[in-house]
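A.B. asks: The chain contents come next:
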Amino acid sequence: MHLKYESFVREPLINGNKTYAQVTEDICRPIEQKPTRLWYMGFIFSLLLLGFGAFSVTWEVYWGIGTWGINRTVGWGWDITNFVWWVGIGHAGTLISAILLLFRQGWRTGVNRAAEAMTIFAVMCAGQFPIFHMGRVWNAFYVLPLPNTRGALWPNFNSALLWDVFAISTYFTVSLLFWYSGLVPDFATIRDRAKTKLRKKLYGVASFGWTGTAKNWQRFEALSLVLAGLSTPLVLSVHTIVSFDFATSVIPGWHATIFPPYFVAGAVFSGFAMVNTLLVLVRKIFRLEDYITIGHIEAMNKVIVLTGSIVGVAYLTELFMAWYSQVVYEQEAFKWRVLGPYWWSYWAMMACNVVSPQFFWFKKLRRNIVFTFLLSIVVNIGMWFERFVIIVTSLYRDYLPSSWTYYSPTWTEMGFYIGTFGLFFTCFFLFAKYFPVVAIAEIKFTLKTSGDNYKREMQALDEKTVEEFIHVAEHAH
Amino acid sequence: MITDRFEVPSRLRTTGIVLLLIGVLALVGGFATLLPGAEHDQARFWTVLLQNSVFFLFVSAASIFIQAAAGLAQGGWIVAYRRVPEAIGANVWVFGLIALIVLFSIVFGLGEHNPIYHWVHPHGDKVLEGKSSFLNKGMFAGFSIVTVGLWSWFGIKFRSMSLAQDRAPRNSTKIYWKMVAMSGAFLFVYALSMMSTTPWYWIMSIDAHWYSTLFSWYVFASSFVSGMALILLWTVYLKNRGNLEFVTKEHMHDLGKFMFAFSIFWTYLWFAQFMLIWYANIPEETTYFKIRMQGPYAFFFWANLILNFVLPILILMARPSKRNYFTIVFMAMTIIFGHWIDFYVMTMPGPLQQHWHLDWYELGIVCGFIGIMILTVSKTLAKADLVPVNNPFLKETLIHIS
Chain A
1 MHLKYESFVR EPLINGNKTY AQVTEDICRP IEQKPTRLWY MGFIFSLLLL
51 GFGAFSVTWE VYWGIGTWGI NRTVGWGWDI TNFVWWVGIG HAGTLISAIL
101 LLFRQGWRTG VNRAAEAMTI FAVMCAGQFP IFHMGRVWNA FYVLPLPNTR
151 GALWPNFNSA LLWDVFAIST YFTVSLLFWY SGLVPDFATI RDRAKTKLRK
201 KLYGVASFGW TGTAKNWQRF EALSLVLAGL STPLVLSVHT IVSFDFATSV
251 IPGWHATIFP PYFVAGAVFS GFAMVNTLLV LVRKIFRLED YITIGHIEAM
301 NKVIVLTGSI VGVAYLTELF MAWYSQVVYE QEAFKWRVLG PYWWSYWAMM
351 ACNVVSPQFF WFKKLRRNIV FTFLLSIVVN IGMWFERFVI IVTSLYRDYL
401 PSSWTYYSPT WTEMGFYIGT FGLFFTCFFL FAKYFPVVAI AEIKFTLKTS
451 GDNYKREMQA LDEKTVEEFI HVAEHAH
Chain B
1 MITDRFEVPS RLRTTGIVLL LIGVLALVGG FATLLPGAEH DQARFWTVLL
51 QNSVFFLFVS AASIFIQAAA GLAQGGWIVA YRRVPEAIGA NVWVFGLIAL
101 IVLFSIVFGL GEHNPIYHWV HPHGDKVLEG KSSFLNKGMF AGFSIVTVGL
151 WSWFGIKFRS MSLAQDRAPR NSTKIYWKMV AMSGAFLFVY ALSMMSTTPW
201 YWIMSIDAHW YSTLFSWYVF ASSFVSGMAL ILLWTVYLKN RGNLEFVTKE
251 HMHDLGKFMF AFSIFWTYLW FAQFMLIWYA NIPEETTYFK IRMQGPYAFF
301 FWANLILNFV LPILILMARP SKRNYFTIVF MAMTIIFGHW IDFYVMTMPG
351 PLQQHWHLDW YELGIVCGFI GIMILTVSKT LAKADLVPVN NPFLKETLIH
401 IS
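Chains as they are written, first to last, in the working numbering: chain A, 1 to 477; chain B, 1 to 402.
Treat the hints as calculated values from the structure; they're not laboratory data.
Even glycine gets a Cβ: it sits at the ideal position worked out from N, Cα and C.
Among the hints, a few may not be true.
Said to hold, decoys possible - Sample of chain A residues at the chain B side, in silico, Cβ under 10 Å:
| no. | residue |
| --- | --- |
| 1 | 35 |
| 2 | 36 |
| 3 | 105 |
Claimed, not checked - When the alpha-carbon atoms are kept at most 25 Å apart in a straight line, the in silico DSS-like pairs for lysine-lysine are as follows:
| no. | chain 1 | residue 1 | chain 2 | residue 2 |
| --- | --- | --- | --- | --- |
| 4 | B | 178 | A | 464 |
| 5 | A | 363 | B | 249 |
| 6 | A | 302 | B | 249 |
| 7 | A | 363 | B | 178 |
| 8 | A | 34 | A | 302 |
| 9 | B | 174 | A | 302 |
| 10 | A | 215 | A | 433 |
| 11 | A | 363 | B | 126 |
| 12 | B | 239 | A | 364 |
| 13 | A | 4 | B | 157 |
| 14 | A | 302 | B | 257 |
| 15 | A | 302 | A | 364 |
| 16 | A | 201 | A | 34 |
| 17 | B | 257 | A | 4 |
| 18 | A | 195 | A | 433 |
| 19 | A | 200 | A | 215 |
| 20 | B | 257 | A | 364 |
| 21 | A | 302 | B | 157 |
| 22 | A | 464 | B | 174 |
| 23 | B | 126 | A | 335 |
The shape of chain B in the complex, shown without the other chains (with noise of 0.2 Å):
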């Protein structure tokens, strides 16, 4: 019997924690100082917790909508490491916890002047008033609760259903069928969820008046190419650890296809939404990339750009780039910062205007996120074989050409 366990090492774990410290340090920290502090400073300690933990919260979840894209599609490569987006994904609740109670305090606890989300309290504001049957703290919350709750649910039915598989008789294909079946659920949920309400709610609603229709699919796009380096990433670690012996430079070309494809898939939307209300040149509308690419955020703006499009485009294109793991890791670790950027382009300017800060605070509670995301995934990756020895497509996945 084929056995790869994975022990967390000690260095990780210390990794991890004293990362999650740093964080619980920067929210103390920013409790003390940005909270009693003038109006935009308090705006600045809820807009960081908002960008990252539904940053940290979209790109998880991306491993789940990748496990059932993979499943709906009878996708064989993927198989040699799922157990890192089933541990991934199964860590979604996690993340879900964390963006719940920071939404939650920002819709309910702050008062009468929102400073994050001025539907709140519409003070007169005609369109706000006419949105209010969609933007209230109600249905805010359901949606809310709902999305996390069912996102969360499937994350850890898919690790389970993929771990009894494990000890199902050799080539019984009845669980197979069953994760086909709840993989075609979950697009629907996620369709309705990711696709649309959830990122309205949760980042266009902070620029309560503008609207774009493209607005969920680009965040979409956004979290589901960081998802794929992030699941790259722990690839890459527990090869380098020793495990997963059966991933090799052919699996890893996938992934490096799938993170240049989806970044030019990225900038496609990027694009999309972009021109298209630059050349219409609505006032409603050309006011949210306004600020963003002329005003405060404008080195953000082309950064953003740079990391997401130009670095990709360039490094990804060649193939023996997506066959080194230097390069492949380098690049990962640039799409998952690019795109941090770009959830920090979309949820700064509203609230803070031209005071945006990218200092001790920003990089504190980042560190804690990414803490969080080390010793949970650890953990879980820890607690089962690497290896799915009864995964019908297994054999397909060791003899695997790119």
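Here chain A stands alone, though its shape is the one from the complex (with noise of 0.2 Å):
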């Protein structure tokens, strides 16, 4: 057999001196008892915002468009900005699912359930915006390609948005197939603990029979490994094409070649912050410190500095580029969105965006609990006026001044952005409760390489020298 040896350079990922039988205990814990008070608090607040949410929809669909602040010049407003912001919080997900992965970054198993669950609810907010934003919405399936009896009525393939229904409807299936395939053995660990009869045949249903053979989990690598392969390339081109909405157009402020890699890089950034969000709160109520360690969470202080900072890159070269190129459209318009009537946006978009990650460069903010959880809240704040920066304060000052505009939503926009916070943590604490928030299977897969218990027994082989270590990997088993 292979040595099990890391780095002594490296923290443990899971704490506690647990043994196998211990992961399983802690993790199916929260499934198998009544949830708390807590709990039905939360579940019941998310399903009132919800149900707001769902009001506020009808109302727009009843009276029409026109309640919205919407205007002729300034065409989308909060409705795609909350998509574009929603789409973005999806990424972190198959991020830390997939390209962790191969990456063979230890640390994502402890976090990637939570993230992957995540990234499904943001994208099913993401998509209700495009959809009640086309206004007649019972037309809604005229953009998908079907033979139809409308004559010649058909989509059109040349518009970046047709392409985005593509691209979200893939990567919402991939990433659903991705998150479930790992469930199952998760599932049937649930089944075979289980009490009641209910839970064993509604478990045993989920788990599709599994039974944990080597042929099972053969099986189940060779699925994560082609998942992963496919996953890769649609985090980089979700939004990718989210960007292309933008910048296949000819309008100053969207017309970047930088947006491309730069959206996927904003999504990654608002994707960890919320995963941070949301973990924190998780680790604390579920008692999952020993498993989502602070080392987890500094890690992904580190990819929110990181795709911080590059994102600032972007931010200030659009600026340089747009006097640069000496247009003097494209100079206006950065003009109008640094110093015009929403400047205040552009300047909370620079202050949470760029200023506030830096923070992290010092350790202790990063391993800072409190100070982690309050800076992935200004991150997403700080993402959502990205979009809203780069919507409207595009779109405000158009080519003719007698165009110019202000826009501010109504209650219904408004409302349904609410709504949409309803949906998605109304799904989180359905998840949170009958879904083993950490993969069971796939923590005890790192548990002998980065469990704290086992990292001690390895400080023997950390003394040794390099002969002697090489003697006994050789001789392993």
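Mind assembling these two chains? They're in different frames, but the hints should get you there.
C.D. replies: So this is what it looks like as structure tokens:
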């Protein structure tokens, strides 16, 4: 057998002297107990938000899109801002599950399950916005290239908006498959421990008759690798195509070649911030501090400072190029963006996205739970402003000064946005109650290399010289 | 104590010297025949030097970036052969110096009508005059010196810190954490040079009217993937010499994955830049691709995509090909050559228009640069033990499975 060893420089990923049995016990416990009062309060509150959202949307569908604040000049407002914001948040899950799997990052196992769930719920929220933005929502299926009885009426394949339909739906499908396939062995674990008939039945169906044979695991590993391979280009493609919604146009402020990679970096940035927001709470409420350690949070904060700085370079590049282009329209667009009546949104974006993550250069702050939690919210506020800035401040000063306008949302738009929070948290509360929030099987893969008790035993290996170590490695069994 | 010393074989040294001599001969030939010739001959003389010096500098500097990135991400995979990127990084100053000489000669030495950087003398061009607070000799010189200076310093510093770690007490992490901090600092420097200003000044300003916000990231991707390929070539060479016995197919597989993934990443950026400009169809922007895609450079334009995208995706996709020494060496050479062509397509059309050449001068100069690379890096490699015996990740890398 292969020698289990990892460097002493790496901190343990699993604390508390865990055994395999204890891992199962810790993660299954919240599922097998009755939900706490706190859970009920949170769940009901989420349902109320969702209900208000449903009411706002119904109002909009009944009276028409005129109940929103958007107008002829600013045709995209909160709706598309929120769409891009939610899609962006939905990036971290797939990045963690796919790209970090390919990069063999052991710390992903502590956070991937919750991050993937978050991805799926965020994409569900995102999808609502373009659909209801259509106004006559009963015609929404027109975006699908279905053979139809409407004569030559087909979607425009040259349109980036149509590419987005395919991008988002593919992304959602693959993310869902990835998430679910990882859940199968864990569902089987819960099934095997189930004390009630109904629970045994339901988790039995969900686990597809998993028995944990070597063949099962072999198929499972092969599938994970294939899905990781498929998801990796998807992580890049989804937000790339979202950026095409803007960048393929000839609108100053939208038409920039840097948009695709910069959108992807921004999406990962906001996604990791949302993961941190949720996991800081989840680890506390479900007492999972041994599995989602400060080390995990620090690793995510490092990704946040990296992607935040990439986004910062992109903002400055855009601003510089607007001047450098010597194109008067570009220059004016950015002047109105930075110094116009919406100046506050630009500076809020800069402060939240570029300045605030720089605090994470300091180790003390990266490992501070309260600070992490606050900053993760600041980042997501900033990323919301980024999309608002891109959309509204590129549109509100049109080519014709007679079309210049100012845009504010109405209660229906805001209600819609609040409603998606309701949807997101309703789903997340259900997930946290009925699903294992940490991947049980995957944690067990890393336990013997990264568990604190196993790492203590490795100290003997650390003391050895290289020759002695090679000798041990060659004779390990 | 494990020791693994590399002595520069006389054959390698001879090859390096011969290549360098070919380069010098080409330079002298160019000096004698091209420089006194017609305007586009002069432009050819300088543009070829510009293309090569900047290309070799960027590709070497990628080694510093790779060390910094692996350092921050706690990458254990690279430790088995990290003396290779260290040696390449420590010689960045050589290519930096050459690039500075070439760039400064072009900017300061070519009189009233600059054949390469039109912005040096705008001659009433309103757009270039508008840009002059950025595109001017002083700023150009300042940014160039600071960039080359910082890169060279970090390259040398990273290697010397890594060598100091060898002599430190066993499992001491003092230097290790210092290197992590330095890696962060380097990333900051690199983001403000390679990821933004440096390619704007040195390459994008050749087509002085044209602009693309993505440009520097695109150049970075090109340099990064070539940098990985370069590390691979040196590692396999050392392995063939009987050094680096701990480096196995597992480690080569990693480098193969990086070459594969970042070839795709380069293509992604290539496509993003091209497609958005093509789709929007704004004349000020499409002019850049017009001459490259439909004009006299069409052959190179498509060769660029075939070498850097089609071949890597088809050949490096399968697992066995990333674990086969022949395939990865072949692909590493293809990628380096492919991105040299990429730099050719970036630099030549502006100054030379339809008068492009790929002849004795172009090939001779590139031989010279390869010669310098061989001589300097091999000499550095021979100076110290090839196994970083005291690196805290060394034991991990010994049992590494890709």
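A.B. asks: Check the structure against each numbered hint from earlier and tell me which ones fail, lowest number first.
C.D. replies: 1, 2, 5, 6, 8, 10, 11, 12, 13 and 20
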